[in-house]
Amino acid sequence: MAAERTQERPPSPRIRLDQPGERRPRLLPAYDPEAFGRLSERIARFIGTGRFLVWMTAVVVVWVLWNTSAPDAWRFDEYPFIFLTLALSLQASYAAPLILLAQNRQADRDRVTHEQDRKQNERSIADTEYLTREIAALRMGMGEVATRDWIRSELEDFIRELDDRSAGSRRGSDEADR
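Counting with the working numbering, you get residues 1 to 178 for the letters of the sequence shown.
In short, the hints are calculated from the structure, not lab data.
Be a bit skeptical, because a hint or two may be false.
Derived DEER-like restraints, expressed as beta-carbon distance ranges [to be verified]:
{"hint": "1", "residue 1": "36", "residue 2": "56", "range": "17 to 25 angstroms"}
{"hint": "2", "residue 1": "80", "residue 2": "48", "range": "51 to 59 angstroms"}
{"hint": "3", "residue 1": "36", "residue 2": "135", "range": "24 to 32 angstroms"}
{"hint": "4", "residue 1": "37", "residue 2": "142", "range": "55 to 63 angstroms"}
Built from N, CA and C at the ideal position, the CB exists for glycine as well.
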(Lines of atoms letter the chains of each structure in order from A; the text may use other names.)
(Lines give C-alpha, C1' and ligand atoms only; values in the text may rest on other atoms or scores of the structure.)
Protein backbone atom coordinates (compact mmCIF):
# COMPACT_ATOMS: atom_id res chain seq x y z
CA MET A 1 0.00 0.00 0.00
CA ALA A 2 2.80 2.37 0.82
CA ALA A 3 4.29 1.61 -2.57
CA GLU A 4 1.04 2.56 -4.24
CA ARG A 5 0.95 5.92 -2.46
CA THR A 6 4.49 6.86 -3.48
CA GLN A 7 3.87 5.94 -7.07
CA GLU A 8 4.98 8.82 -9.32
CA ARG A 9 2.54 10.69 -11.46
CA PRO A 10 3.41 11.15 -15.11
CA PRO A 11 5.13 14.49 -15.68
CA SER A 12 2.86 17.27 -16.86
CA PRO A 13 3.70 18.64 -20.28
CA ARG A 14 6.00 21.63 -20.06
CA ILE A 15 4.69 24.88 -21.38
CA ARG A 16 7.03 26.16 -24.07
CA LEU A 17 7.19 29.91 -24.18
CA ASP A 18 9.26 29.95 -27.34
CA GLN A 19 6.51 28.32 -29.40
CA PRO A 20 3.00 29.54 -30.14
CA GLY A 21 0.23 27.88 -28.22
CA GLU A 22 -2.59 25.92 -29.72
CA ARG A 23 -5.41 27.90 -31.25
CA ARG A 24 -8.55 28.06 -29.23
CA PRO A 25 -11.89 27.81 -30.97
CA ARG A 26 -13.59 31.18 -31.36
CA LEU A 27 -17.24 31.97 -31.28
CA LEU A 28 -16.86 35.07 -33.43
CA PRO A 29 -15.27 35.00 -36.86
CA ALA A 30 -11.73 36.38 -37.11
CA TYR A 31 -11.09 39.41 -39.30
CA ASP A 32 -8.09 41.40 -40.38
CA PRO A 33 -8.38 44.88 -38.81
CA GLU A 34 -6.04 46.33 -41.44
CA ALA A 35 -8.20 45.04 -44.29
CA PHE A 36 -11.32 46.36 -42.56
CA GLY A 37 -9.62 49.74 -42.11
CA ARG A 38 -8.66 49.89 -45.79
CA LEU A 39 -12.22 48.99 -46.80
CA SER A 40 -13.65 51.67 -44.51
CA GLU A 41 -11.29 54.25 -46.01
CA ARG A 42 -12.38 53.31 -49.52
CA ILE A 43 -16.03 53.63 -48.54
CA ALA A 44 -15.41 56.96 -46.78
CA ARG A 45 -13.56 58.27 -49.85
CA PHE A 46 -16.46 57.21 -52.08
CA ILE A 47 -19.06 58.79 -49.79
CA GLY A 48 -17.16 62.06 -50.02
CA THR A 49 -17.30 62.23 -53.83
CA GLY A 50 -19.67 64.02 -56.15
CA ARG A 51 -20.44 60.69 -57.84
CA PHE A 52 -21.93 59.37 -54.59
CA LEU A 53 -24.07 62.50 -54.19
CA VAL A 54 -25.34 62.21 -57.76
CA TRP A 55 -26.18 58.51 -57.34
CA MET A 56 -27.81 59.10 -53.96
CA THR A 57 -29.88 61.98 -55.36
CA ALA A 58 -30.92 59.88 -58.36
CA VAL A 59 -32.00 57.00 -56.12
CA VAL A 60 -34.04 59.30 -53.88
CA VAL A 61 -35.69 61.05 -56.85
CA VAL A 62 -36.55 57.73 -58.52
CA TRP A 63 -37.85 56.40 -55.18
CA VAL A 64 -40.11 59.41 -54.62
CA LEU A 65 -41.33 59.50 -58.24
CA TRP A 66 -42.03 55.76 -58.24
CA ASN A 67 -43.96 55.88 -54.97
CA THR A 68 -46.02 58.90 -55.98
CA SER A 69 -46.77 58.24 -59.67
CA ALA A 70 -46.76 54.43 -60.02
CA PRO A 71 -50.04 52.50 -59.81
CA ASP A 72 -51.19 51.83 -56.24
CA ALA A 73 -50.41 48.11 -56.46
CA TRP A 74 -46.77 48.82 -57.41
CA ARG A 75 -46.06 51.39 -54.69
CA PHE A 76 -44.04 50.03 -51.80
CA ASP A 77 -43.52 53.21 -49.71
CA GLU A 78 -46.47 55.61 -49.47
CA TYR A 79 -46.25 59.38 -48.96
CA PRO A 80 -44.44 59.96 -45.69
CA PHE A 81 -41.79 57.66 -47.23
CA ILE A 82 -41.02 55.94 -43.95
CA PHE A 83 -39.04 53.16 -45.64
CA LEU A 84 -36.90 55.76 -47.50
CA THR A 85 -36.28 57.57 -44.22
CA LEU A 86 -35.31 54.29 -42.60
CA ALA A 87 -32.93 53.42 -45.49
CA LEU A 88 -31.28 56.86 -45.37
CA SER A 89 -30.95 56.66 -41.58
CA LEU A 90 -29.37 53.22 -41.86
CA GLN A 91 -26.94 54.49 -44.50
CA ALA A 92 -26.03 57.48 -42.31
CA SER A 93 -25.61 55.31 -39.22
CA TYR A 94 -23.04 53.19 -41.06
CA ALA A 95 -21.38 56.07 -42.90
CA ALA A 96 -20.59 58.13 -39.80
CA PRO A 97 -18.51 55.47 -37.99
CA LEU A 98 -16.75 54.47 -41.23
CA ILE A 99 -15.81 58.10 -41.85
CA LEU A 100 -14.59 58.44 -38.26
CA LEU A 101 -12.55 55.25 -38.58
CA ALA A 102 -10.97 56.55 -41.79
CA GLN A 103 -10.20 59.88 -40.10
CA ASN A 104 -8.61 58.09 -37.13
CA ARG A 105 -6.42 56.03 -39.45
CA GLN A 106 -5.39 59.20 -41.30
CA ALA A 107 -4.64 60.92 -37.99
CA ASP A 108 -2.44 57.96 -36.99
CA ARG A 109 -0.55 58.19 -40.29
CA ASP A 110 -0.18 61.96 -39.83
CA ARG A 111 1.12 61.45 -36.29
CA VAL A 112 3.77 59.01 -37.54
CA THR A 113 4.73 61.41 -40.34
CA HIS A 114 4.99 64.33 -37.92
CA GLU A 115 7.13 62.24 -35.58
CA GLN A 116 9.46 61.31 -38.43
CA ASP A 117 9.62 64.95 -39.53
CA ARG A 118 10.41 66.04 -35.98
CA LYS A 119 13.23 63.50 -35.71
CA GLN A 120 14.58 64.58 -39.11
CA ASN A 121 14.48 68.22 -37.98
CA GLU A 122 16.34 67.32 -34.80
CA ARG A 123 19.02 65.56 -36.86
CA SER A 124 19.25 68.55 -39.20
CA ILE A 125 19.62 70.94 -36.27
CA ALA A 126 22.32 68.73 -34.74
CA ASP A 127 24.15 68.58 -38.08
CA THR A 128 23.89 72.35 -38.47
CA GLU A 129 25.23 72.94 -34.98
CA TYR A 130 28.13 70.54 -35.66
CA LEU A 131 28.98 72.29 -38.92
CA THR A 132 28.78 75.68 -37.18
CA ARG A 133 31.27 74.52 -34.56
CA GLU A 134 33.56 73.14 -37.27
CA ILE A 135 33.45 76.42 -39.21
CA ALA A 136 34.21 78.37 -36.03
CA ALA A 137 37.18 76.08 -35.35
CA LEU A 138 38.42 76.57 -38.91
CA ARG A 139 38.11 80.34 -38.60
CA MET A 140 40.07 80.26 -35.36
CA GLY A 141 42.71 78.13 -37.07
CA MET A 142 42.75 80.48 -40.05
CA GLY A 143 43.71 83.34 -37.78
CA GLU A 144 47.17 81.82 -37.63
CA VAL A 145 47.32 80.99 -41.36
CA ALA A 146 47.88 83.34 -44.26
CA THR A 147 44.64 84.62 -45.68
CA ARG A 148 43.86 85.23 -49.32
CA ASP A 149 44.00 89.02 -48.93
CA TRP A 150 47.38 88.87 -47.19
CA ILE A 151 48.81 86.58 -49.89
CA ARG A 152 47.42 88.87 -52.60
CA SER A 153 49.01 91.96 -51.03
CA GLU A 154 52.35 90.11 -50.64
CA LEU A 155 52.25 89.06 -54.30
CA GLU A 156 51.43 92.60 -55.40
CA ASP A 157 54.39 93.90 -53.36
CA PHE A 158 56.63 91.25 -54.90
CA ILE A 159 55.49 92.15 -58.44
CA ARG A 160 56.18 95.84 -57.76
CA GLU A 161 59.63 94.96 -56.45
CA LEU A 162 60.34 92.86 -59.55
CA ASP A 163 59.10 95.68 -61.77
CA ASP A 164 61.34 98.12 -59.92
CA ARG A 165 64.37 95.79 -60.32
CA SER A 166 63.69 95.20 -63.99
CA ALA A 167 63.22 98.94 -64.55
CA GLY A 168 66.49 99.59 -62.68
CA SER A 169 68.39 97.00 -64.69
CA ARG A 170 67.01 98.47 -67.93
CA ARG A 171 68.22 101.90 -66.87
CA GLY A 172 71.64 100.48 -66.03
CA SER A 173 71.89 98.67 -69.38
CA ASP A 174 70.68 101.78 -71.22
CA GLU A 175 73.36 103.90 -69.51
CA ALA A 176 76.04 101.33 -70.33
CA ASP A 177 74.96 101.34 -73.96
CA ARG A 178 75.39 105.13 -74.19
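Consistency of the hints with the structure:
1. 36 / 56: 17 to 25 angstroms: holds, 24 angstroms
2. 80 / 48: 51 to 59 angstroms: With a Cβ separation near 30 angstroms, residue 80 and residue 48 fall outside 51 to 59 angstroms, so the hint is violated.
3. 36 / 135: 24 to 32 angstroms: violated, 54 angstroms
4. 37 / 142: 55 to 63 angstroms: holds, 59 angstroms
Going through the hint list in order, the structure does not satisfy hints 2 and 3.
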